[in-house]
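Produce the complete structure using the sequences and hints provided.
In order, the protein sequences belong to chains R and X.
Per the working numbering: the first sequence = residues 1 to 595.
Per the working numbering: the second sequence = residues 1001 to 1595.
Since the hints were made in silico from the structure, they are not lab data.
Model, not experiment: these values are computed from the prediction.
Dumping the calculated EDC-like pairs for lysine to aspartate or glutamate here, alpha-carbon to alpha-carbon at most 16 Å:
| no. | chain 1 | residue 1 | chain 2 | residue 2 |
| --- | --- | --- | --- | --- |
| 1 | X | K1429 | X | D1366 |
| 2 | R | K185 | R | E169 |
| 3 | X | K1237 | X | E1184 |
| 4 | X | K1384 | X | D1437 |
| 5 | R | K71 | X | E1417 |
| 6 | X | K1470 | X | D1339 |
| 7 | X | K1371 | X | E1417 |
| 8 | R | K371 | R | E409 |
| 9 | X | K1470 | X | D1506 |
| 10 | R | K371 | R | E360 |
| 11 | X | K1470 | X | E1541 |
| 12 | R | K404 | R | E390 |
| 13 | X | K1429 | X | E1360 |
| 14 | X | K1429 | X | E1395 |
| 15 | X | K1078 | R | E409 |
| 16 | R | K406 | R | D437 |
| 17 | R | K371 | X | D1096 |
| 18 | R | K71 | X | E1409 |
| 19 | X | K1071 | R | E409 |
| 20 | R | K78 | X | E1409 |
| 21 | X | K1371 | R | D96 |
Covered stretches of chain R, going by a simulated chain X footprint (3 or more residues, C-beta under 8 Å):
| no. | stretch |
| --- | --- |
| 22 | 186–193 |
| 23 | 226–234 |
| 24 | 404–416 |
Glycine is no exception: its CB is placed at the ideal position from the N, C-alpha and C atoms.
There are 2 protein chains.
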Amino acid sequence: MKRLHLLCTLLCFLSVSGVDGKMTSGHDDARQARERKERHGKQSPEKTVYLQDYLDLDPSSSEDAAMAIGKAVDECRKIGAERLVLPGGTLNIMPDRASERYEYISNNDPSMKRIAFLLDGIENLTIEGNGTLLMLSGFVSAFSLDACRNITVRDLSIDYSHPFVAEGEVAAAGEGWFEFRFPEKAGAVLDGGILCFRDSCGREYPYLTLLEFDSRRREVAWHAHDYWLGDRCRAEKTEDGNYRIDRGDFGEAVPGNIMVFGAAARLHPAFTLLDCSGFLLENVNIWSCCGMGVIAQCSRDIELRNVKVEPSPGSGRMISASADATHFVNCKGYIRMIDCVFRNQKDDATNIHGLYMAVERVIAPDRLLLKWRNSGQYGVRFIKPGMSMELVDNETMMSYAGIKVKSVEYLNSEYAEVEFTAPLPGNVKENHVVAEDDGYPDVLISGCYIGNNRARGLLLGSRGRTVVEKCTFHTPGAAILLEGDGNYWYEQSGVRDLLIRDNVFDSCMYGNKSWGSACIAVGSGIPSRESSRYHRNVTVENNTFITIDNRIVNLYCVDGFIYRGNEVRESSDYPVCGSASDRIIINDCSNVEID
Amino acid sequence: MKRLHLLCTLLCFLSVSGVDGKMTSGHDDARQARERKERHGKQSPEKTVYLQDYLDLDPSSSEDAAMAIGKAVDECRKIGAERLVLPGGTLNIMPDRASERYEYISNNDPSMKRIAFLLDGIENLTIEGNGTLLMLSGFVSAFSLDACRNITVRDLSIDYSHPFVAEGEVAAAGEGWFEFRFPEKAGAVLDGGILCFRDSCGREYPYLTLLEFDSRRREVAWHAHDYWLGDRCRAEKTEDGNYRIDRGDFGEAVPGNIMVFGAAARLHPAFTLLDCSGFLLENVNIWSCCGMGVIAQCSRDIELRNVKVEPSPGSGRMISASADATHFVNCKGYIRMIDCVFRNQKDDATNIHGLYMAVERVIAPDRLLLKWRNSGQYGVRFIKPGMSMELVDNETMMSYAGIKVKSVEYLNSEYAEVEFTAPLPGNVKENHVVAEDDGYPDVLISGCYIGNNRARGLLLGSRGRTVVEKCTFHTPGAAILLEGDGNYWYEQSGVRDLLIRDNVFDSCMYGNKSWGSACIAVGSGIPSRESSRYHRNVTVENNTFITIDNRIVNLYCVDGFIYRGNEVRESSDYPVCGSASDRIIINDCSNVEID
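Shown next, in the form of structure tokens:
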């Protein structure tokens, strides 16, 4: 077993070094050579670390760069470097010698992670990518930042030699069965009659779901829906090398389309930010990752500029990130996404929200036992002494009291016992929820393309000023959704000032109905809606809606809604659904103005 | 999904509270009541914490005790308690509210663990069990001690409501197939045609291997061997509710015997000791656990007195611990096991050894990149600055140089870069191994019963004085094995002073031949044996060998062996194998005296 493992590691190393024939010409450009020469000749004006100094002498080496990256990052920390310069070309990165840390990342899956760029407690550093392609293999994260301040990462691309989803062409479909044709590189095999996907090192890539994508349009197939496959899908191999599986209650699929086997876990986001302040990601491509493209929690002042989450051009892959392109949890300050592309990721383009913990038990007049009830939030220790929080009725989602944390004790990743500075109101009870109420981020999303992905576009839940402008949406579900609930996902929302202007909503809503009731919609889980005004002050102006589904706006529990100056016209590309009377549906709202 | 999980937790809680009808009469005995009364009446002479004070008021409550245990342990830490008193009766312990920590435990499997009694940095504490049964459910450890000093645990039992192995009766066997009958509580189900075992909460208990046990003798079946089943074993359910599986190359099995599906991972030892000093375990029963009964690493001065690792009486279970009963890695001072029982565990009774790390690369004249090559040792950071180490040729396993650590940097759980205080010898090269050479424990194993388990009895690898006396062995493989190798398991051995006296070896060697070449044997992995004298000074005197296999002693690479005053007679209980000429086999040894 151990020897086999060793052999696999070696094989993997050899096989990856030749990925796509992209290997490493021009690892070192003229500017860098000049800079490095200068550095050795005289005192450098900036403290700069060159990754090339830690790599093999041969700049075209196919070595695993992980150990060199670890050493270069250590040096940055040690000398307080201002710049870390990558060499250009392709860097292969394996898990084997990468840094390691257990991470609980909200809305992703916890694990002991191997991480290439593990930056903890680093300040005022710019990572100059120089166009480097980071080609990762297996279960290893690209970047994880913990308690960092003022970090810039720019000019690089992130890809994986083996993707975390499997993509198979629908070869045929019959009564109760599908037949899939996988490319050899997908690594499809049967183990005990169960369909598995393994890379050239034997690493397995578990899956749980199926979703059909239109191979011509390169987007979610018309009205396609998720199918829960489980992790033990029986299959038979046909004589021509295809795999036949039971269709279950999946319904139809179009031969020639691509069926995507969704990753069972979100283990390695491309960029993880934990408790950071000041982060700029610029001119960065995320072609693939295992989980979200960018996930930030308990962080502030984050800007993404010209960040592309999409499949690597020429790869032929349908899927980019295996989950949301971006996601922001309990963040503050500003969140900006400018001139970005979020395409073909396996979930929403963004979700900006806080976390609710549920009251498990009232232990004392000033003390609650709280529980994370969404396992995707386990271990996110956002509650801190001195924090202002809100107490919320999980039936109406309305806040009914402000409280302040005196002390907190985390039992484990599921439970926290919190002592407050004053007695709690008498009506606090089990299943009510609490959330941070201590400053919310201002959000600007401008000039972005968002589409072709699974599910929705922007899930907006910040109570700060939020502006969405000059974007193009082509999402299969709602383009903009106001979520938030305290009974299932436990995500805090409730916008206060949302402006949606000058966008094009181009043929959205081609997916299934569970992904949103309209192009711009409320989807909050509010059991008692009549008196709830969970959201406030939403303005939709000067947008163009090119519709294939007449459901443009569907709101409830909003106080203050303005709809003006928008253009609506029908798409010619798709069949059109629904009647004109579906266009704007408003229930349980106040102060609504529609032109 | 989340709601289902919640429901399961609740169901589990309700179902466990009635386990075996053993629930909790007399949670509080008269002595305790008196003591607690006194404590409130006057200053206690000892700092004592009563767990009952943290449990529900109702002493017969079926509540999950994990949170109360966590609070009581916190209080012990806070006040520097000398005693933690358990209430007697049965305490149910669930994972949900238990403490949490990621642990790398040698020869077990790493994971983020829930732990009932998590003692870190605690000193001079006695946990008085008062006969309490700790009835754990699911994936939660009983005790884990980290950097503790002078801890005693006594008078308690540890069991699990659902075992980590599955036991099925061989109902029938035919051409190429077996049919198993599982009791309902085993939770056998088919998922995608794959045989799975789940408890009443839906938790799955993965397996990997098969091993047959004799249902009448309650021990490993005659010449039975392990069979690698994998974690995806296809099965069919028969009309009478049995499960039929392919036999593969397993061979025969006797209908009526018990087939044990071995646990896929060793996640929750009953007692884990990491970097501890001074531990006494007294009058403790380990009826079940997920991994080893007691595992100590980098610890010193450990005594087990009247510790029983065996199936709970009356449970009908065949297996106790799912792996070794005890295991000691890089320990020092003394290790004593006195009047213990190690019966029906799913692996050896003990293994006392150090760790070898392999040279992956010579980085500089005074610097090595080292790798743990046995994945079971990953993350055991035993190398520390100032430590004396030995450099060992992995072909002969002979030490050829002593070196001293200047600094160590752990890349992750697999690799360490070590700088030494002086240049290394010129012949150091890849695949040589290094180990701590800085004091070895003295070992006393006296008055113990060891048998009926899988594999071997005692694997002895300490270079300190080691005495095995007055024990009774009934092991299916070697009763006493001298192991150690630097190419596969990477376990440091090489005894220097081993005395085996006054023991009864009663009908050992009824298992398969891979479990040892004789009752007392060397099993070290030494590729070049001729010049190697890896072990030294072994004396076997005044023992009784009741043989069913004539292979009594088989040694190689030993310098100094004395065999005197032993009695040999044949067992009448089993068929006898081999000829008298097999009794003592000595190769590549020096200074051998046989009476």
